[in-house]
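A.B. asks: All chains, full assembly: derive it from the sequences and hints.
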Amino acid sequence: TSTEALVSETIPKRLAVIGSSVVALELAQAFARLGAKVTILARSTLFFREDPAIGEAVTAAFRMEGIEVREHTQASQVAYINGEGDGEFVLTTAHGELRADKLLVATGRAPNTRKLALDATGVTLTPQGAIVIDPGMRTSVEHIYAAGDCTDQPQFVYVAAAAGTRAAINMTGGDAALNLTAMPAVVFTDPQVATVGYSEAEAHHDGIKTDSRTLTLDNVPRALANFDTRGFIKLVVEEGSGRLIGVQAVAPEAGELIQTAALAIRNRMTVQELADQLFPYLTMVEGLKLAAQTFNKDVKQLSCCAG
Numbered sequence: 001t002s003t004e005a006l007v008s009e010t011i012p013k014r015l016a017v018i019g020s021s022v023v024a025l026e027l028a029q030a031f032a033r034l035g036a037k038v039t040i041l042a043r044s045t046l047f048f049r050e051d052p053a054i055g056e057a058v059t060a061a062f063r064m065e066g067i068e069v070r071e072h073t074q075a076s077q078v079a080y081i082n083g084e085g086d087g088e089f090v091l092t093t094a095h096g097e098l099r100a101d102k103l104l105v106a107t108g109r110a111p112n113t114r115k116l117a118l119d120a121t122g123v124t125l126t127p128q129g130a131i132v133i134d135p136g137m138r139t140s141v142e143h144i145y146a147a148g149d150c151t152d153q154p155q156f157v158y159v160a161a162a163a164g165t166r167a168a169i170n171m172t173g174g175d176a177a178l179n180l181t182a183m184p185a186v187v188f189t190d191p192q193v194a195t196v197g198y199s200e201a202e203a204h205h206d207g208i209k210t211d212s213r214t215l216t217l218d219n220v221p222r223a224l225a226n227f228d229t230r231g232f233i234k235l236v237v238e239e240g241s242g243r244l245i246g247v248q249a250v251a252p253e254a255g256e257l258i259q260t261a262a263l264a265i266r267n268r269m270t271v272q273e274l275a276d277q278l279f280p281y282l283t284m285v286e287g288l289k290l291a292a293q294t295f296n297k298d299v300k301q302l303s304c305c306a307g
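Just so you know, the UniProt record's numbering puts 269 at position 269 of the sequence shown, and the rest follows in order with no gaps.
Calculated directly from the structure, the hints in this document are not laboratory data.
Just so you know, not all the hints are guaranteed correct.
[As the list claims (entries may be wrong)] Each pair of labels, with its calculated beta carbon distance range: (1) Thr3 x Thr93: 21 to 31 angstroms; (2) Thr124 x Ile11: 43 to 53 angstroms; (3) Leu224 x Ala79: 27 to 37 angstroms; (4) Pro127 x Thr1: 36 to 46 angstroms; (5) Gly240 x Ala201: 15 to 25 angstroms; (6) Glu97 x Asn179: 18 to 28 angstroms; (7) Gln277 x Arg70: 39 to 49 angstroms; (8) Glu97 x Gln277: 27 to 37 angstroms; (9) Asp228 x Ala120: 47 to 57 angstroms; (10) Ile11 x Thr93: 23 to 33 angstroms; (11) Arg33 x Ile81: 20 to 30 angstroms; (12) Thr124 x Gly240: 34 to 44 angstroms.
[Unchecked claim] Straight line, CA to CA, 25 angstroms or less: simulated DSS-like cross-link-like pairs of lysine-lysine: (13) Lys115 x Lys13; (14) Lys13 x Lys37; (15) Lys37 x Lys102; (16) Lys209 x Lys297.
Glycine residues also receive a C-beta, built at the ideal position from the N, C-alpha and C atoms.
C.D. replies: What follows is the structure, encoded as structure tokens:
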């Protein structure tokens, strides 16, 4: 499991990773950089719930490092064979056999609510066992509140902390709500993946017409200075109003720019208003301004400083 992997005292020569969850990908890259030969078995593609360009960019980065990514691959059978000295795992897939010294199963975490006997209280659960709550952390039972990874909210520590605070306020007579419409998320692979708001597919699912632009990092001065232009910054705007509704970024420092995007979305800024802001030169967050400018100009023709 991911918990056991974090306290492992040895680095396997060959590591097979089942799953493409955030934890799976972060640990896969970590073990690869520590010297393991890593193979990822992904039932679909990497980051299949996100914009397709994200998975494509991270897959390319992983393969450049020697990490084998087997997409649309599942292990139909797993066996452990004892040989001379240490044994090995043998995974049977539709695309052939895979052998590994260690096996990391990281298919995601599920709330451990089954032993709480919540069925006796009337608290509503999702099919996966997560407690269903409203924005005020109230469950389906009036006097019972819940917060954190046991609920159907995103499993991030900052979401859990904010939810816990609001639950405490509401339990003591207050009226606080948690708005997750501009919740930033970061995956600490290299390059990092950072998202906030709508992807294009999510917006279309909700009936929102969109316009979008994607800026590759070879247009961002900081990335050029770092000699690392892997990735992109994509802005999604509401068609007609020009309001920024989503940002997806793959970049070595993507996590450092996403909060600025979250604030812009929270404050209902248009992409033109974002483009008109002053951003310090030679910072990764300047890429947001450059991406915003691509809606009405060719940023390759700018002299410098995203003016």
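A.B. asks: Of the numbered hints stated earlier in the document, which are not met by this structure?
C.D. replies: 3, 4, 6, 8 and 13
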